[in-house]
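Asker: Residue numbers (my numbering), protein chains in the order written: chain A, 1 to 236; chain B, 1 to 236; chain C, 1 to 229; chain D, 1 to 229.
Careful: at least some of the hints might be erroneous.
Stated by the list, open to error - 25 Å max Cα-Cα, derived SDA-like pairs, lysine to any residue:
{"no.": "1", "chain 1": "C", "residue 1": "K9", "chain 2": "C", "residue 2": "K144"}
{"no.": "2", "chain 1": "C", "residue 1": "K78", "chain 2": "B", "residue 2": "R170"}
{"no.": "3", "chain 1": "D", "residue 1": "K78", "chain 2": "A", "residue 2": "R84"}
{"no.": "4", "chain 1": "B", "residue 1": "K150", "chain 2": "A", "residue 2": "R147"}
{"no.": "5", "chain 1": "D", "residue 1": "K127", "chain 2": "A", "residue 2": "E98"}
{"no.": "6", "chain 1": "D", "residue 1": "K79", "chain 2": "A", "residue 2": "C233"}
{"no.": "7", "chain 1": "A", "residue 1": "K185", "chain 2": "A", "residue 2": "D82"}
{"no.": "8", "chain 1": "C", "residue 1": "K41", "chain 2": "A", "residue 2": "N2"}
{"no.": "9", "chain 1": "C", "residue 1": "K84", "chain 2": "A", "residue 2": "D41"}
{"no.": "10", "chain 1": "A", "residue 1": "K185", "chain 2": "B", "residue 2": "D139"}
{"no.": "11", "chain 1": "C", "residue 1": "K84", "chain 2": "A", "residue 2": "D159"}
{"no.": "12", "chain 1": "A", "residue 1": "K219", "chain 2": "B", "residue 2": "H58"}
{"no.": "13", "chain 1": "C", "residue 1": "K127", "chain 2": "B", "residue 2": "E96"}
{"no.": "14", "chain 1": "A", "residue 1": "K185", "chain 2": "C", "residue 2": "K144"}
{"no.": "15", "chain 1": "B", "residue 1": "K150", "chain 2": "C", "residue 2": "P131"}
{"no.": "16", "chain 1": "B", "residue 1": "K150", "chain 2": "A", "residue 2": "S16"}
{"no.": "17", "chain 1": "B", "residue 1": "K133", "chain 2": "C", "residue 2": "S124"}
{"no.": "18", "chain 1": "D", "residue 1": "K127", "chain 2": "A", "residue 2": "D203"}
{"no.": "19", "chain 1": "C", "residue 1": "K78", "chain 2": "A", "residue 2": "D203"}
{"no.": "20", "chain 1": "C", "residue 1": "K79", "chain 2": "B", "residue 2": "H58"}
{"no.": "21", "chain 1": "A", "residue 1": "K219", "chain 2": "A", "residue 2": "Y234"}
{"no.": "22", "chain 1": "C", "residue 1": "K78", "chain 2": "B", "residue 2": "R84"}
{"no.": "23", "chain 1": "D", "residue 1": "K84", "chain 2": "D", "residue 2": "E68"}
{"no.": "24", "chain 1": "A", "residue 1": "K133", "chain 2": "D", "residue 2": "T125"}
{"no.": "25", "chain 1": "B", "residue 1": "K222", "chain 2": "B", "residue 2": "V4"}
{"no.": "26", "chain 1": "A", "residue 1": "K219", "chain 2": "D", "residue 2": "A80"}
{"no.": "27", "chain 1": "A", "residue 1": "K133", "chain 2": "D", "residue 2": "S164"}
{"no.": "28", "chain 1": "A", "residue 1": "K141", "chain 2": "B", "residue 2": "S20"}
{"no.": "29", "chain 1": "A", "residue 1": "K185", "chain 2": "B", "residue 2": "F138"}
{"no.": "30", "chain 1": "D", "residue 1": "K79", "chain 2": "A", "residue 2": "D159"}
{"no.": "31", "chain 1": "C", "residue 1": "K78", "chain 2": "B", "residue 2": "Y90"}
{"no.": "32", "chain 1": "D", "residue 1": "K144", "chain 2": "B", "residue 2": "P117"}
{"no.": "33", "chain 1": "C", "residue 1": "K84", "chain 2": "A", "residue 2": "Y234"}
{"no.": "34", "chain 1": "A", "residue 1": "K141", "chain 2": "B", "residue 2": "H37"}
{"no.": "35", "chain 1": "B", "residue 1": "K219", "chain 2": "B", "residue 2": "A197"}
{"no.": "36", "chain 1": "A", "residue 1": "K185", "chain 2": "C", "residue 2": "N176"}
{"no.": "37", "chain 1": "D", "residue 1": "K127", "chain 2": "A", "residue 2": "D82"}
{"no.": "38", "chain 1": "A", "residue 1": "K45", "chain 2": "A", "residue 2": "N2"}
Rather than coming from a laboratory, the hints here were simulated on the basis of the structure.
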Amino acid sequence: MNKVGSNLLEAVSVISDGASVMIGGFGGSGAPIELIHALIDSGAKDLTVINNNAGNGHVGIAALIEQRRVARIICSFPRSADPRVFNELYLAGDIELEIVPQGTLAERIRAGGAGIPAFYTPTGVGTETAVGKEEAIFDGKRYLQERWLKADYALIKADLADTVGNLTYRRAARNFNPLMAMAAKTTIAQASNVVQAGEIDPDQVITPGIFVDTIVEVKSPKQEEVLNREGACYPC
Amino acid sequence: MNKVGSNLLEAVSVISDGASVMIGGFGGSGAPIELIHALIDSGAKDLTVINNNAGNGHVGIAALIEQRRVARIICSFPRSADPRVFNELYLAGDIELEIVPQGTLAERIRAGGAGIPAFYTPTGVGTETAVGKEEAIFDGKRYLQERWLKADYALIKADLADTVGNLTYRRAARNFNPLMAMAAKTTIAQASNVVQAGEIDPDQVITPGIFVDTIVEVKSPKQEEVLNREGACYPC
Amino acid sequence: MLEKIQELKLTNSQIAWRAAQDLFDGAYVNLGIGFPEMVAKYQPEGCEVVFHTENGVLGFGEAPAPGEEDWDIINAGKKAITLKPGCSIFHHADSFSMIRGGHLDVAILGAYEISQNGDLANWSTGKGGIPAVGGAMDLVNGVKTVAIVTDHITKKGGAKLVESCSLPLTGVGCVNRIYTSLAVIDIEDGKFVLKEKIPNISVEELQSLTGAQLHLGASVKDLVVPEGV
Amino acid sequence: MLEKIQELKLTNSQIAWRAAQDLFDGAYVNLGIGFPEMVAKYQPEGCEVVFHTENGVLGFGEAPAPGEEDWDIINAGKKAITLKPGCSIFHHADSFSMIRGGHLDVAILGAYEISQNGDLANWSTGKGGIPAVGGAMDLVNGVKTVAIVTDHITKKGGAKLVESCSLPLTGVGCVNRIYTSLAVIDIEDGKFVLKEKIPNISVEELQSLTGAQLHLGASVKDLVVPEGV
Chain A
1 MNKVGSNLLE
11 AVSVISDGAS
21 VMIGGFGGSG
31 APIELIHALI
41 DSGAKDLTVI
51 NNNAGNGHVG
61 IAALIEQRRV
71 ARIICSFPRS
81 ADPRVFNELY
91 LAGDIELEIV
101 PQGTLAERIR
111 AGGAGIPAFY
121 TPTGVGTETA
131 VGKEEAIFDG
141 KRYLQERWLK
151 ADYALIKADL
161 ADTVGNLTYR
171 RAARNFNPLM
181 AMAAKTTIAQ
191 ASNVVQAGEI
201 DPDQVITPGI
211 FVDTIVEVKS
221 PKQEEVLNRE
231 GACYPC
Chain B
1 MNKVGSNLLE
11 AVSVISDGAS
21 VMIGGFGGSG
31 APIELIHALI
41 DSGAKDLTVI
51 NNNAGNGHVG
61 IAALIEQRRV
71 ARIICSFPRS
81 ADPRVFNELY
91 LAGDIELEIV
101 PQGTLAERIR
111 AGGAGIPAFY
121 TPTGVGTETA
131 VGKEEAIFDG
141 KRYLQERWLK
151 ADYALIKADL
161 ADTVGNLTYR
171 RAARNFNPLM
181 AMAAKTTIAQ
191 ASNVVQAGEI
201 DPDQVITPGI
211 FVDTIVEVKS
221 PKQEEVLNRE
231 GACYPC
Chain C
1 MLEKIQELKL
11 TNSQIAWRAA
21 QDLFDGAYVN
31 LGIGFPEMVA
41 KYQPEGCEVV
51 FHTENGVLGF
61 GEAPAPGEED
71 WDIINAGKKA
81 ITLKPGCSIF
91 HHADSFSMIR
101 GGHLDVAILG
111 AYEISQNGDL
121 ANWSTGKGGI
131 PAVGGAMDLV
141 NGVKTVAIVT
151 DHITKKGGAK
161 LVESCSLPLT
171 GVGCVNRIYT
181 SLAVIDIEDG
191 KFVLKEKIPN
201 ISVEELQSLT
211 GAQLHLGASV
221 KDLVVPEGV
Chain D
1 MLEKIQELKL
11 TNSQIAWRAA
21 QDLFDGAYVN
31 LGIGFPEMVA
41 KYQPEGCEVV
51 FHTENGVLGF
61 GEAPAPGEED
71 WDIINAGKKA
81 ITLKPGCSIF
91 HHADSFSMIR
101 GGHLDVAILG
111 AYEISQNGDL
121 ANWSTGKGGI
131 PAVGGAMDLV
141 NGVKTVAIVT
151 DHITKKGGAK
161 LVESCSLPLT
171 GVGCVNRIYT
181 SLAVIDIEDG
191 KFVLKEKIPN
201 ISVEELQSLT
211 GAQLHLGASV
221 KDLVVPEGV
């Protein structure tokens with residue numbers, strides 16, 4: 001078994017129009033910029049994107065939105081330092097937005113990966129986000145029922161990967177990445193270093209290989225924050 | 001902040017009669033034998049014990065049961081190589097047993113730690129374990145509603161601990177330990193080595209210190225399997 | 001006839017061999033405690049299977065040599081195992097997320113009874129005693145393909161493949177395929193469908209040892225195990 | 001009167017200082033994006049607080065020097081932070097397990113409006129535009145003590161402490177304590193209870209700037225901030 005793919009474009013070429021795609025990262029930290037840019041190159045459109053945010057500047061998810069590939073976005077916080085790309089399309093009614101509280105978003109994704117079709121959370125009780133959701137009382141306290149969230153694909157950013165798909169993450173770049181790897185039918189990971197099976201201590205694996213389908217090595221991945229400070233855009 | 005306690009008996013002396021106690025481990029792997037034996041020494045009784053199993057031989061949980069300290073046990077698999085201690089009390093009606101499917105047990109404990117009062121699982125649908133549980137249908141499939149599981153105390157076994165309570169585990173000794181650390185009001189951990197804060201790489205922490213109240217160093221912890229092969233018992 | 005069956009029937013090793021032939025390269029597989037563990041010995045040439053154990057290990061290998069055991073590294077049956085390159089360790093909630101979330105390809109389990117609609121009874125003899133379920137109920141409801149390895153009949157000659165189970169269920173409609181000591185039988189649309197049988201037994205004989213109607217697959221192949229297994 | 005208030009009221013730094021005085025050694029604390037982050041600067045002597053950020057870091061420290069940023073290490077406001085000894089990293093589901101599971105001691109957040117029964121509105125101005133909730137709804141429903149730092153009144157002089165919120169809610173009955181530019185007010189049994197006020201304002205004046213009845217605590221202390229804050 002060897003899950004290492006030859007290049008980014010080939011890896012994402014399986015993603016067809018209309019697919020749902022979870023994209024790891026919290027802001028720029030842990031965002032798989034190179035995979036997102038390959039997805040732009042692939043031409044896939046009418047995508048549903050699941051991410052904590054809605055992009056920043058003109059690279060990564062913002063670029064994907066700017067290229068009009070995203071029909072719908074599920075996120076907790078579409079505000080950013082430079083959210084113009086999203087805002088314009090949203091206010092023009094050209095992109096659909098589902099706002100999910102951040103912890104509920106994380107837990108719904110985990111539930112999708114863990115085979116839990118629904119769970120109860122106190123988050124959102126009595127707020128606009130409760131509309132249409134079943135409420136239940138446990139031990140005298142109010143809770144909302146939330147459903148799992150799954151996707152056709154996950155694009156994630158890892159630090160180390162081994163050939164059988166085990167992954168580690170660098171610092172807070174971990175965030176949504178391990179959860180999304182579990183919740184997608186097909187998970188495509190970029191990793192800064194690909195090593196042989198056995199080179200990652202089994203105790204230190206964060207995402208076991210069973211959750212990963214394809215790995216592409218991207219030696220020195222770009223950081224969204226740095227690109228935006230440089231005024232970068234994609235494609236340019 | 002320094003969470004390092006001076007000795008085992010003092011650490012467990014907070015556990016009062018009638019308390020619920022989650023005990024980490026799967027069989028002997030990851031079982032905090034020294035903490036369990038200290039709990040025997042402490043004299044606490046009428047305990048509810050939550051563990052995957054119901055003890056083996058005459059040490060650890062089996063010894064706690066043999067000393068008649070356990071009124072009730074919640075577990076998935078009370079069978080073992082030498083389950084005589086549990087079996088005799090159970091068949092005599094002197095210990096109460098709640099059988100929970102193993103994955104449901106793990107998920108209920110996680111839910112307890114994660115503030116999820118209830119969730120749905122396909123596990124157990126149409127079986128004896130479904131009796132008294134709400135059934136719901138999602139996307140055409142049947143699921144059972146399961147409730148969170150919390151406890152007053154957790155006794156867990158770690159490999160490394162730092163002074164602020166961050167923990168790592170050795171190999172498959174991890175099992176239920178990180179989950180129980182989250183789900184108890186007070187978590188007491190024994191660790192083979194206690195190091196200074198900063199000596200565990202933040203990426204490699206498995207249980208963040210927020211889930212741990214007291215740490216006791218136990219340099220060369222005993223393995224239940226080895227003790228049982230030696231015919232050990234406690235107290236002897 | 002029971003005497004003939006005793007002579008003809010496959011041994012547990014042979015049943016395990018047959019079950020192993022359907023594994024595929026890269027499959028993530030969980031083997032039940034006991035008899036199903038034998039399947040690991042018979043992986044087909046060139047087929048590298050990744051074994052999962054409920055207590056939190058993916059990618060483990062054979063048992064260590066006696067005296068070499070590390071009792072922190074065990075399987076669901078509490079037997080010592082070894083870690084192979086590419087192995088990973090995780091906690092119980094993550095382990096059962098793999099199971100319940102549908103990430104494992106195959107679970108191979110034992111059985112007391114299997115009904116024609118795929119109900120499985122394998123955790124309780126229903127006779128009192130000490131109940132113990134472990135991870136069985138999670139496995140049968142989560143893993144993509146649930147296969148059973150079992151003798152075709154009980155020691156007393158009674159049917160294990162039945163119209164409906166009499167023992168407490170492990171799961172409802174969960175079994176996909178049964179490897180018995182006499183046959184390979186799939187469960188399709190609530191029916192037992194015979195796919196393979198050992199050569200020296202007739203369909204009629206097999207039917208007489210089966211507690212529910214056996215339907216014939218498009219072709220019923222001979223179930224032949226190589227010499228030496 | 002509004003002019004008098006403009007002169008007397010505490011600055012954001014001073015409000016943050018006051019909020020920080022109630023932190024205790026070893027407390028696990030989450031600070032909201034923006035103004036609440038200032039609380040970190042004013043931890044009392046000998047009080048070591050452990051800061052949590054939703055994106056998966058516990059035990060972080062100050063911002064790095066400009067040019068020293070590591071953009072994999074940021075807080076919920078996407079600002080670069082540093083890791084302190086004893087820090088830990090975890091994924092989002094674990095991070096919100098800490099929040100939702102009641103493991104954090106204190107959350108200090110901003111507010112548009114707070115009602116006397118502790119309802120909080122701090123995520124949406126309700127005016128259209130782009131809604132963005134982030135982790136606020138999880139924090140207010142999970143953390144043991146939810147405290148608010150805020151100006152006592154809006155820029156236009158309107159009340160922020162009200163009988164019932166007019167803006168979309170973040171949470172119901174979730175606020176425990178409010179540190180304003182004029183006072184410290186607890187929410188007890190559905191009432192605003194005045195605990196402290198700045199010296200040069202009368203209870204009557206404070207009441208006139210508050211949109212719901214102010215009840216007096218057993219003693220109303222003077223809220224005095226040290227020079228230089």
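Asker: Indicate, hint by hint, whether the structure satisfies it.
Answerer: Each hint, compared with the structure:
1. K9/C <-> K144/C: violated (29 Å)
2. K78/C <-> R170/B: holds (16 Å)
3. K78/D <-> R84/A: holds (17 Å)
4. K150/B <-> R147/A: holds (23 Å)
5. K127/D <-> E98/A: holds (17 Å)
6. K79/D <-> C233/A: Status holds; Cα separation ~21 Å.
7. K185/A <-> D82/A: Violated. K185/A to D82/A sits at ~32 Å, over the 25 Å cutoff.
8. K41/C <-> N2/A: With Cα atoms ~22 Å apart, K41/C and N2/A stay inside 25 Å; holds.
9. K84/C <-> D41/A: violated (38 Å)
10. K185/A <-> D139/B: Satisfied, since the Cα-Cα distance of roughly 17 Å is no more than 25 Å.
11. K84/C <-> D159/A: This hinted pair holds, its Cα atoms lying about 22 Å apart.
12. K219/A <-> H58/B: violated (55 Å)
13. K127/C <-> E96/B: Holds, at roughly 18 Å.
14. K185/A <-> K144/C: This hinted pair holds, its Cα atoms lying about 13 Å apart.
15. K150/B <-> P131/C: holds (23 Å)
16. K150/B <-> S16/A: violated (44 Å)
17. K133/B <-> S124/C: The given pair, whose Cα atoms are some 20 Å apart, holds under the 25 Å limit.
18. K127/D <-> D203/A: violated (50 Å)
19. K78/C <-> D203/A: holds (19 Å)
20. K79/C <-> H58/B: Given that 25 Å is the threshold and the Cα spacing comes to 19 Å, the pair holds.
21. K219/A <-> Y234/A: With a Cα-Cα distance of about 19 Å, the restraint between K219/A and Y234/A holds, given a limit of 25 Å.
22. K78/C <-> R84/B: Since the Cα atoms of K78/C and R84/B sit roughly 17 Å apart, the hinted pair holds (cutoff 25 Å).
23. K84/D <-> E68/D: holds (15 Å)
24. K133/A <-> T125/D: Given pair K133/A, T125/D holds - Cα atoms ~23 Å apart, limit 25 Å.
25. K222/B <-> V4/B: At roughly 20 Å apart (the allowed maximum being 25 Å), V4/B and K222/B satisfy the hint.
26. K219/A <-> A80/D: Judged against 25 Å, a Cα distance of about 23 Å means the pair holds.
27. K133/A <-> S164/D: holds (23 Å)
28. K141/A <-> S20/B: Within the cut-off at roughly 22 Å; holds.
29. K185/A <-> F138/B: holds (19 Å)
30. K79/D <-> D159/A: holds (21 Å)
31. K78/C <-> Y90/B: holds (22 Å)
32. K144/D <-> P117/B: Measuring from Cα to Cα gives roughly 17 Å; hence the hint holds.
33. K84/C <-> Y234/A: violated (42 Å)
34. K141/A <-> H37/B: violated (38 Å)
35. K219/B <-> A197/B: Holds: K219/B and A197/B sit about 18 Å apart, inside 25 Å.
36. K185/A <-> N176/C: At roughly 22 Å apart (the allowed maximum being 25 Å), N176/C and K185/A satisfy the hint.
37. K127/D <-> D82/A: Satisfied, since the Cα-Cα distance of roughly 20 Å is no more than 25 Å.
38. K45/A <-> N2/A: violated (29 Å)
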